[in-house]
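Trainee: Each chain, letter by letter, is given below.
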Amino acid sequence: MSDAVNLIGLEISRGPIQGNSVVGGSDLVTNSRPAVPNVFHFAQMTELLVGQFRQNWFAGGRLSVRYLKPLQQGEELVVKAKIISYDEDNADRVNLSIWCENINSEVLATGDASCIWTT
Amino acid sequence: MSDANSEALTLIEAHFNTLEIGSSLEFDSVFSASDVKEYAIENNVNWPGQYVDQNGQSLVIPGMIFFRPAVGFGLGEPNPPLTRAGFFTRTSRAFSQPIRVNEAIHFRGQISDKYLRRGYYYIVVDWTATGPDGAIAVTGREWHTLGWARYPKTHPKGV
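Those protein sequence lines, which keep their order, are chains A and B. Per this note's numbering, residue 1 is the first one in the first sequence, and the count goes up by one each step. Per this note's numbering, residue 1001 is the first one in the second sequence, and the count goes up by one each step.
Mixed in with the good hints, there may be bad ones.
DEER-style ranges, computed between Cβ atoms [as the list claims (entries may be wrong)]:
| id | chain 1 | residue 1 | chain 2 | residue 2 | range |
| --- | --- | --- | --- | --- | --- |
| 1 | A | V107 | B | S1034 | 26 to 36 Å |
| 2 | A | R66 | B | I1021 | 19 to 29 Å |
| 3 | A | E76 | B | E1007 | 29 to 39 Å |
| 4 | A | L68 | B | A1004 | 22 to 32 Å |
| 5 | B | A1033 | A | V107 | 28 to 38 Å |
| 6 | B | S1034 | A | E76 | 20 to 30 Å |
Since the hints were made in silico from the structure, they are not lab data. Source: prediction; values computed, not measured. Virtual Cβ for every residue (Gly too), placed ideally from N, Cα, C.
Construct all of the structure, not just a fragment, from the sequences and the given hints.
Mentor: Below you can see the structure in the form of structure tokens.
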């Protein structure tokens, strides 16, 4: 078993990162700036998680996300994650809560992740 | 509702009614270095950066590897813009092995559910991406709207 017990509560973050890409069609239904694709949120979450878990992420990372509110073009995104537990079946695997905020601290996406801890 | 929204909903609903739960689509795909670079630039990701295996080979950014529900099962050109694309509301993915640049990937997506909720038509797609060795590299489930058109909250179908 790793020292995962000691990792509970560890927080990691990335950003702020500006979202510039635009999802096709979103400009037709918003009255202001078009929306950045939710693919961007996932990409930034993955960037954070790969930075933390390195090679282990490619061979065992899991990420589930609910997209709650769009990021608008030109806005900045911050990704935050916190280790909340270790896996009951594999104590080397840690479970995280992960979410994206805009610069006003509004939660745009929230999810769960897990991966084998990298020592 | 605007005329464009109403027209789009008519087309989306007709398409939605043709989609069958259990229907599937398979295809092969390869991510080239230019594909990954383009994604990296669009999404503000440093590549190759940390996306390199132990042998120094560049890896495809994991967030690129997914079955696109709107492309596989949605409406495309020449339909009106409000019928095309749409957006993800939920995503769940599990990674089992890395995919290297220029490696062949086989995608298989299957509609596992479809519904009308809060004015949007949705499809849920379960998918796998198989690597060149025949082993599963990534699995996922995507919840995606069909297009951008929606019934207003005041409409019986908008609740």
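Trainee: Has the hinted range 29 to 39 Å been met by the Cβ atoms of E76 of chain A and E1007 of chain B?
Mentor: 36 Å, holds
Trainee: Within 19 to 29 Å or not, the Cβ separation of R66 of chain A and I1021 of chain B?
Mentor: 22 Å, holds
Trainee: That 22 to 32 Å hint for L68 of chain A and A1004 of chain B (C-beta), does it hold up?
Mentor: Between L68 of chain A and A1004 of chain B, where Cβ atoms are some 26 Å apart, the hint holds.
Trainee: Take a look at whether the Cβ-Cβ distance between A1033 of chain B and V107 of chain A falls inside 28 to 38 Å.
Mentor: Holds: the Cβ-Cβ distance is about 35 Å, inside 28 to 38 Å.
Trainee: Range hint 20 to 30 Å: satisfied by the CB atoms of S1034 of chain B and E76 of chain A?
Mentor: With a Cβ separation near 27 Å, S1034 of chain B and E76 of chain A satisfy 20 to 30 Å, so the hint holds.
Trainee: Holds or violated: 26 to 36 Å for the Cβ distance of V107 of chain A and S1034 of chain B?
Mentor: Cβ of V107 of chain A to Cβ of S1034 of chain B: about 35 Å, so the range 26 to 36 Å holds.
Hint check: no violations occur; every hint is consistent with the structure.
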